[in-house]
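> The residues making up each chain are set out below.
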Amino acid sequence: MLILGIETSTGQSSVALVGTDGVVASASLGVARRHGEFVAPAVQFCLRQAGVGADRVTGVTVGLGPGLYTGLRVGIATAQAFAAARDLPVVGMSGLDVLAFQVRHVRRLIAAVIDARRGELFWALYRAVPGGVQRQTDLRVGTAEQLAAELEATGEECLVIGDGLSRATHELDRVGIETFAAVPDAAHLAELARPRFEREETQRPADLLPIYLRHADAKIGWEARGRMQGGAAT
Amino acid sequence: MLVLGIETSCDETAVGIVEDRFTLRANVIASQVELHAPYGGVVPEVAARAHLEALLPTIDHALVEAGCGLSDMDAIAVTSGPGLIGALLVGVSAAKGLALAHDKPLIGVNHLRAHVEVAQLEFGELQPPLAALVVSGGHTSIVALEKVGSGGESGDDGRFRQLGATIDDAAGEAFDKIARFIGLGYPGGPEIDRLARQGDPKAIDFPRAMLHEPGYDMSLSGLKTAVIRYLRRLEAAGTEPDLADVAASFQEAIVDVQVVKTLRAARDEGLERVVLAGGVAANTRLRARFAEACEREGLGLVVPSIPLCTDNGAMVAASGANLLAAGTLADLELGVDPNLPLAG
Ligand SMILES: [Zn+2]
Chain A
1 MLILGIETST GQSSVALVGT DGVVASASLG VARRHGEFVA PAVQFCLRQA
51 GVGADRVTGV TVGLGPGLYT GLRVGIATAQ AFAAARDLPV VGMSGLDVLA
101 FQVRHVRRLI AAVIDARRGE LFWALYRAVP GGVQRQTDLR VGTAEQLAAE
151 LEATGEECLV IGDGLSRATH ELDRVGIETF AAVPDAAHLA ELARPRFERE
201 ETQRPADLLP IYLRHADAKI GWEARGRMQG GAAT
Chain B
1 MLVLGIETSC DETAVGIVED RFTLRANVIA SQVELHAPYG GVVPEVAARA
51 HLEALLPTID HALVEAGCGL SDMDAIAVTS GPGLIGALLV GVSAAKGLAL
101 AHDKPLIGVN HLRAHVEVAQ LEFGELQPPL AALVVSGGHT SIVALEKVGS
151 GGESGDDGRF RQLGATIDDA AGEAFDKIAR FIGLGYPGGP EIDRLARQGD
201 PKAIDFPRAM LHEPGYDMSL SGLKTAVIRY LRRLEAAGTE PDLADVAASF
251 QEAIVDVQVV KTLRAARDEG LERVVLAGGV AANTRLRARF AEACEREGLG
301 LVVPSIPLCT DNGAMVAASG ANLLAAGTLA DLELGVDPNL PLAG
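Read top to bottom, the protein sequences are chains A and B.
In this text, residue positions in the first sequence follow our numbering: the first is 1, and each later residue adds one.
In this text, residue positions in the second sequence follow our numbering: the first is 1, and each later residue adds one.
Check the hints yourself; a few may be wrong.
[Said to hold, decoys possible] Covered stretches of chain B, going by a simulated chain A footprint (3 or more residues, C-beta under 8 angstroms):
no., region
1, 40-49
2, 52-60
3, 90-99
4, 324-338
Note that these hints are calculated values from the structure, not bench results.
Note that CB positions come from ideal geometry on N, CA and C, so glycine has one too.
Construct all of the structure, not just a fragment, from the sequences and the given hints.
Structure follows, in structure tokens:
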């Protein structure tokens, strides 16, 4: 078994190849907002590091978000096309599930958080169970104040893990909640997905779609569009 | 030699397959027009979401139509600009996934050049020297194609030379805005075209900006404003406008500018024929007026059939095939350029 994992829901994309014995190769992008140029070369890099061709990959897993839409679509479109072209099974996972999985040994209530931009966060709450974590809530989108209030209302000790926490630090500190900065990572994603491939709980490539949690912003930028596509007279 | 072309720059998810540069094997389009119609224009986030949902089924459909598999392709071509950035990224990412999976060459295609080069599927090798008018919802430009065309030179970056362009609105954008203003559906081009057939193109004398100025640049925003002002004046006077006359006269003004500027460019630059390209080249009045004018001036005219004028995947495959023949390949770092110029 050789699983290709692609995770692009935050500014720090990553790609990993995971075999039966663990991570074979991985690559991650430190600089935000260049998913478009990073993902495919990173897949190629991992295949070369592992010394295998694309034909050796047995499954593809990809982060579905929530997260930054453009990045998510880059990861998902690449994963879908690669899997469809090789007729491979796929598994889509929420990056929030991956984040919580990264701290699965914690006994406290876990809140996994991803930056939603526009002053908001995406989150969900988890609890450790044998072999992993279990999601306790729906995926949410809201402000840091709303997250802090939700955690305070549980009356439990919590650990908040995730991305974009700088905008929530003040609110979470105020209610005495510990935070831990992290991004969902392709190697953990593939590790989390592996049992699903083993149990053949897989999807078809065309089934993979981002978790948006927000409606499309239906504003037409006529001016922007004219500038963008107008026959630049140079 | 088979090339698969992916087009996702605006509101059509399209895939084409071309064999040996000139033979169309498949041309499949999943249109999003209905998704954007309520907004009267293309909504970038809606477009990007829809491309991701439609792309794999469209690729499958094209492969079935061509009767071949991905492993039979010699290259994967994809529009890398100009266009909506989020929409472009879906196509480019998918193209990279396909290229990686079968270790095929990747080719980045210029959407505007592809609009011109698609003519080779119906008319064979483009015969320079020629003038091409690329006219659509996002672009309105006149370019010259001067070098002797051949497979080996088709990918040459110096092949197209920009002669003129709109300095404000694209023609298709003007059609959409006026259609919306007079209560027609979206997209506006076909609606105005239809309504204009019942009207008199000489009924109202709308302005033709920059028509007599030297050079080949155009301006269409003043025309749009004049139409709106005309309708408001009638409304204020309590007079019901004849919308068919308005549509016909507005369309005539746009067409006049395109014909005059393109033919002047062809004459001045010693270009022997004219190629019409892009979605607005589907306009029946534009096609008829160019046919008439080119005949009068002794110029050849190349007009692709309507399905090849509007955005499609075949044009990307055709342009990609030219680039493959020229050895102009992209690597997996291929980026998108929302402002990629036609020539320059
Ligand atoms: Zn176009």
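> Which numbered hints does this structure break?
none
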